[in-house]
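Based on the hints, put chains B and C in the right spot on chain A.
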Amino acid sequence: MIQVSFTVNGERVDALVDPRMSLADFLREKLHLTGTHIGCEHGVCGACTVHFDGVSARSCITLVAACDGHDVKTIENYETDARMETLRSEFSREHALQCGYCTPGMLMTSYDILTRFPDLDQDGIRREMSGNLCRCTGYQGIVRALQNAFAAKRNEG
Amino acid sequence: MSSTGIGVSVPRKEDRRHLHGKSTFVGDLSFPRMLDVAFVRSPVAHATLKDAEIDPEDRARVFIGSDLAAVSPIVAEGTIPGYIKTDYPVMARDKANFVGQILAACLGPSRAEAEDLAERVFFDYDELDAVVDAVAATGPGAPAIHPELPNNVFHRMEQGTDLSDLYATAPVKVTRTLKLARQAIVPMEGRGVVALWDERADQLVVYSSTQSPHLVRNGLAEFLRLDQNRIRVVAPDVGGGFGYKAILHPEELILGFLALKLKRPVRWLEDRREHLTAGANCREHIYTMTAFGDADGRLLGLDADVVVDAGAYSIWPHTCAFDAIQAAGILPGPYQVPRYHVVTRTVATNKPPIQAYRAVARPGACFATELTIDALAREVKREAYQVRRENLVPAAAMPYKAVTGKLYDSGDYPKSLDIALGAIDLTQLRAEQKARLADGRALLGVGFATYTEHTGVSTSVLAPLGTRLMPGHEQAAVRITPDGGVDIRTGVQSHGQGMETSLAQVASEVLGIHTDKIQVTHGDTALTPYSTGTYASRCMIMVGGAVADACDRLIARMRVAAAHLMQRAPDELVFRDGAFHADNASMTVEQIAYIHYFVPAELPEGMDSGGLEVTGGYRPKIDTGAFAYSTHVAVLEIDRDFATVKLRDYVAVDDCGIQVNPMIVDGQVWGGIVQGIGTALYEEVRYDETGQPLASTFADYLVPGCGDIPTIRLFKTETASPFTRFGIKGVGEGGAIAPPAAIVNAVNDALMPFGAEVAEVPVSPSRILAALEAAGVAPGLVAGARP
Amino acid sequence: MKASAFDYVRPATVQEVTAVLAENDGDARVLAGGQSLVPMLNLRLARPAVVVDISALDALKRIEVSDSEVTIGALVTHAALEFSQEAGPTFDLLRKVAAGIAYRGVRNRGTIGGSVAHADPAADWISCLAALDARLTLEGPSGARQVPAADFMLSSFTTVIGTGEFLTHIHVPRLSATAQWGYYKHNRKVGEFAEAIGCFVRDDAQGIRRVVAGALSSPPVRLFADQGGWPSAIDIAVLRAEVERAAPAVEGAHVHFHAAAVLRALQSGLAS
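Residue numbers (this note's numbering), protein chains in the order written: chain A, 278 to 434; chain B, -13 to 773; chain C, 130 to 401.
Excised from the complex, chain A in its bound form:
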């Protein structure tokens, strides 16, 4: 077992962990932050996306032991965050979710790209979101939601 100390959603977490445990399992099983979902456990589907030191990362292929000294934020961190609220309302307006399983991961990646890119066209949005799989929506609403979010960002100047 390994002692780790890191921040999750702004709070310090100290734990003794099995080295093989993924960050995703730690968040879900030990901290009961179940908003982060597991879809493949080999880093392809993106359902497990969190923010690791401020950038989107796949928690299923992040060892919790390797989080020592780092900063992790999950979907639960962004309850009242303005940018996330914009994304939420666009996702709802554009019907960018159906079963909800891929949704937290979609939002976490969306938040990353909305933050890091001043603007993206549709091709850019599709490329940047290609690491988050969805089986329900056909991606139409997700792309439109992000187009709206980037348009709003342009208008803010």
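Please keep in mind that the hints were generated in silico from the structure rather than gathered at the bench.
Careful: at least some of the hints might be erroneous.
Pairs of lysine to any residue residues, derived as SDA-like cross-links and limited to a Cα-Cα distance of at most 20 Å, are as follows [claimed, not checked]: (1) Lys8(B) - Glu362(A); (2) Lys318(C) - Arg753(B); (3) Lys350(A) - His6(B); (4) Lys8(B) - Glu306(A); (5) Lys307(A) - Arg19(B); (6) Lys318(C) - Arg634(B); (7) Lys318(C) - Glu623(B); (8) Lys(-1)(B) - Thr357(A); (9) Lys318(C) - Ala681(B); (10) Lys307(A) - Ser16(B); (11) Lys632(B) - Gly229(C); (12) Lys8(B) - Thr363(A); (13) Lys(-1)(B) - Met361(A); (14) Lys632(B) - Met361(A); (15) Lys318(C) - His6(B); (16) Lys(-1)(B) - Ser366(A); (17) Lys318(C) - Arg626(B); (18) Lys(-1)(B) - Glu362(A); (19) Lys307(A) - Pro95(B); (20) Lys8(B) - Thr357(A).
Relative to chain A, chains B and C alone:
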């Protein structure tokens, strides 16, 4: 008309919790002392099993087939003519019949430790030759998977009339063999079960990511041999189903057994590798189609042979014959086919047991028929859309009795095609296509597919099959709450289609109450009326009708109260916008509810003692189904060097009758189309000759991502069904039906100048190159090739 | 899919890393960004006794630029290269390659050193580094050595990294301002590993001409090595013949795929 009634794109109630990461999927549940289960799954496709080697220290936490003798094998029975029932042991005992079949359940305090234990359990076995090819399986010398089945055939069926005269005399005849690969369904959330013994209720409680909790309860009772009232099944949030979660699964029975035995909560969550290997279980069909036509391509008849690769077992309750029966019933499609003959065989192979994935056999049937229509068009040298159009059932013929006996209720199929044509500029595309052929740019192809889809199948359709999937009238319970709101309870379960919103809209339409004041509860057998569940695009028709019926009855009861309280005759009152009106007086539902619950002394004699709580029910009087329909067009480019397909434009013209929530309808069609694109271009699990699946992760099994698909242009028409409440038809599956057909028709349109044709999905680069090679175009010379 | 049990250490210095690796002689795996290793752990395809997390070695996270060379620490992420600001053809090529790797989440965490050391032949960096004639620094118990990128990979997932060694730096000779380059990656689906890679570098001011075919099931191959590194004509037939000659294990349609990937790299790079 309510502001949140039928036809309004009411924002979904479900969204809030999902957007905040506050859903409750089965993997989010935790219970004290819960143990995790990992299965030992067969590494071989076909073997006789011998002893298990289990360390004595581990034995108490390992359960093998002989430990589960109290659990009956699953037996999917039916009165389907030509169907032979077989056993499906929940855990293999003497024989393993597919890679991934469960051999043992291992328990641990965590999934990781359960997997460690599973690695220490070894089964000795004698490997047998594997049956991997469904056609070869029926031949002499093929190993027998089930002793009861002659030539590995679960079910054989022949329908229609003899067409030998057409073979001899028809002016035009085309024959094609069309194949669909085996796929996995891949909902983003895998299956999952948490089972526990509830002491207070004296019940086995099974939480399962399921579309049909009451069906699962039926199955648990039957095969665990328990009374139903000792069992409760709860579907929490379900992360996609698409049919994968609409049946009883061995894992549900095994976990139920373990919970009863250990009196501790037990959990199993399907991981992606399990799903892609043990769950590679759908779509694998072979169609041999012969279309007979006149010189213009007008159909004279259709002869079809269908082989369904059904895997090793017959699933419950549908039986493995479901796919073939459905294919036989819909192959004539939206066309006027004067004469029809079909033979189907549902064949056992050493692969996972076939399940009905979104639209079941309709994508396969549409693929077979639409490619055949295009082949017919090429044969008579006419544009495929023209031949298609001339064969479509015209609107004036509705309701139309198809050659299969199915009654197409309403629709304008030619208009669907015309709208699709109008959405693209075919003249311009043909010009571009020609230019590209000459100048060496990527090849351009345009393909069409039109289908009609049997939604809302009910008693009359399923009764002859005599299986345990037997819907009757559908019930819904509706209560007016003391504050004038509405509680709805239904035994179906949403897995993305937003029924917490859309069913509320139906009640809103009838009662005139805002959906904000309407709560839908579903998915829990303890809380809801019986239902066969969410499948076959039935819920909006059936549950919508039941909710409306319950609301009608509540209005009738409230009318009696309102008449008394307003001192009018009941028939003087008009119910509108959530209130009873007469002259300049009115009384709202909320006011009536207040009196009913808090001042019942003021109610009249003759009030129904059932109060403001009703279980309504519904089944269309003519319950033979409501036929939704659509035309899709695919415009694509084929890279001359790599033979990769890039979709440039995708148009769908959809008609699902009257739409309850147009936004939700859009989402169902988009999602279905992208799954169809997956079927068309990417998804397959191939097997080697020993029955080993060759895909086990997303590195091998490719699922469409955001960057792989174009914007879908969706057009809709609304042609009401004359048979259903509000004229609704089902829409949950339709989008997935046409893409393989439209896309491969487009590929073949692009390849036509080379005389090459693809007849299989997924249409991978290697299949395109093989088609070109068969036509004499050497691989690698596509870049410079001219026809 | 949970990994089998292992010990985990996160050394603070290069020497500690090499000591642990040497001590565990083949039964230890180096963890950088985890994007390649952890999936294999979860699938139980890798079962090391020890995972050695090198992420504490901050010195390996730097990109250092001199007039002649770019030195990239093994822990530099794909995203850091994707968004690098340095001008010039060298960084233009590095940015192009980085931007096409997998997906946003993988680029954020995956490292160039981890990718190169993992030695998946279909991965992007190794082909690009072969075209750039990069050198790789390996640190071991007895010190550091440099290996040319072209010699680094022996076969799929196998490299010249020896017992106790790990990759610390990648040295890329800088191209002249007038150099031309091209990179083309063919795959069936956005973000997937390549089925064919074409990469070229042409820097006449330094007399450099290299054309590389990658994503073979083996290390990338330098084409036209005996002819001054350059095709006689920018032509598919010439490229096909050379792919067949230089990579005889490639069969059937894949010969054309590799030739076409190289052709597209050449066409796009020479046009600009």
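Hint-by-hint comparison with the structure:
1. The hinted pair formed by Lys8(B) and Glu362(A) meets the criterion: a straight-line CA distance of about 15 Å does not exceed 20 Å.
2. Using a Cα cut-off of 20 Å, the hinted pair Lys318(C) and Arg753(B) holds, with the two alpha carbons roughly 16 Å apart.
3. Distance restraint check for Lys350(A) and His6(B): the Cα-Cα separation of roughly 13 Å lies within the 20 Å cut-off, and the hinted pair is therefore satisfied.
4. Distance hint between Lys8(B) and Glu306(A) is fulfilled; the C-alpha atoms sit about 15 Å from each other, no more than 20 Å.
5. Taking the CA atoms of Lys307(A) and Arg19(B), the gap is near 14 Å; set against the 20 Å cutoff, the hint holds.
6. The straight-line distance between the Cα atoms of Lys318(C) and Arg634(B) is roughly 15 Å, inside the 20 Å bound, and the hint therefore holds.
7. The hinted pair formed by Lys318(C) and Glu623(B) meets the criterion: a straight-line CA distance of about 15 Å does not exceed 20 Å.
8. Distance hint between Lys(-1)(B) and Thr357(A) is fulfilled; the C-alpha atoms sit about 19 Å from each other, no more than 20 Å.
9. Distance hint between Lys318(C) and Ala681(B) is fulfilled; the C-alpha atoms sit about 16 Å from each other, no more than 20 Å.
10. The suggested pairing of Lys307(A) with Ser16(B) holds, with an alpha-carbon distance near 11 Å, which does not exceed 20 Å.
11. A threshold of 20 Å between alpha carbons decides the hint, and for Lys632(B) with Gly229(C) the separation of about 18 Å falls inside it, so the pair holds.
12. At most 20 Å may separate the alpha-carbon atoms for a hinted pair to count; Lys8(B) and Thr363(A) meet this at roughly 18 Å.
13. Annotation: proposed proximity of Lys(-1)(B) to Met361(A) holds, straight-line Cα distance about 18 Å (limit 20 Å).
14. Straight-line distance between C-alpha atoms of Lys632(B) and Met361(A) comes to about 33 Å, which puts the hinted pair past the 20 Å bound.
15. Using a Cα cut-off of 20 Å, the hinted pair Lys318(C) and His6(B) is violated, with the two alpha carbons roughly 30 Å apart.
16. Annotation: proposed proximity of Lys(-1)(B) to Ser366(A) holds, straight-line Cα distance about 13 Å (limit 20 Å).
17. The straight-line distance between the Cα atoms of Lys318(C) and Arg626(B) is roughly 17 Å, inside the 20 Å bound, and the hint therefore holds.
18. Proximity of Lys(-1)(B) to Glu362(A) is assessed by CA-CA distance (about 16 Å); at most 20 Å being required, the pair is judged to hold.
19. With a C-alpha separation of about 13 Å, the suggested pair Lys307(A) and Pro95(B) falls inside the 20 Å cut-off, and the hint holds.
20. Restraint check: the Cα-Cα separation between Lys8(B) and Thr357(A) comes to about 14 Å, which is no more than 20 Å; the hinted pair holds.
In the structure shown, a violation is registered for the earlier hints numbered 14 and 15, in ascending order.
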